Amino acid sequence: MPIIPVTGTEVTTGSGQTSHLELSYYFTSESEMDRLFSESGVDTRINDLNSAQKSTSITELAARATEDVQSYLGALYDDQELSNSASVRDRATVIACYKLSIRLGNDAQYYNQYLDALADLEAARDGLLL
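Note that our numbering numbers the sequence shown so that position 1 is 1, with each residue one more than the last.
These are computed hints drawn from the structure, not numbers from a lab.
The structure presented is a predicted model; accordingly, all values stated were derived computationally and were not measured.
Glycine is no exception: its CB is placed at the ideal position from the N, C-alpha and C atoms.
Please note that the accuracy of each hint is not assured.
Quick list of the computed label-pair ranges, beta carbon to beta carbon [said to hold, decoys possible]:
#	residue 1	residue 2	range
1	51	127	31 to 37 Å
2	53	75	18 to 24 Å
3	102	35	15 to 21 Å
4	40	126	19 to 25 Å
5	84	105	33 to 39 Å
Let the sequences and hints guide you as you build the complete structure.
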């Protein structure tokens, strides 16, 4: 899976808000989200956005999921190591898809998997998972 480097540190969203993206690596990608949620499932959740906003929204979801993983494991592992871990990428993808699913107040999908992912990250941080 290719690593998506951030070339700039700010993105202006469609609503005019500025989002700060300062990540060197993302732990999930749009294609990984499409595989879990399905491409049509992702599109359905962001169909109210124009093309540029859709891209920004997906990038922001990937960034938030990455930051969630980093909050648990960032002190133990470097970002490149985390980015290359299939289990980390799986958990970050679940986190991103869960957050996408609740966008605009929609019913949550992947909630149990989201809780499992957070529990796994906590266990890894605490040395309970190898």
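Okay, the hints, checked on the actual structure:
Distance hint check: the CB atoms of residue 51 and residue 127 are about 44 Å apart, inconsistent with the given range 31 to 37 Å. For residue 53 paired with residue 75, a C-beta distance near 34 Å fails the hint of 18 to 24 Å. Look at residue 102 against residue 35: about 20 Å separates their beta carbons, and that is inside 15 to 21 Å. Distance hint check: the CB atoms of residue 40 and residue 126 are about 38 Å apart, inconsistent with the given range 19 to 25 Å.
Our hint of 33 to 39 Å for residue 84 and residue 105 holds, since their Cβ atoms are close to 35 Å apart.
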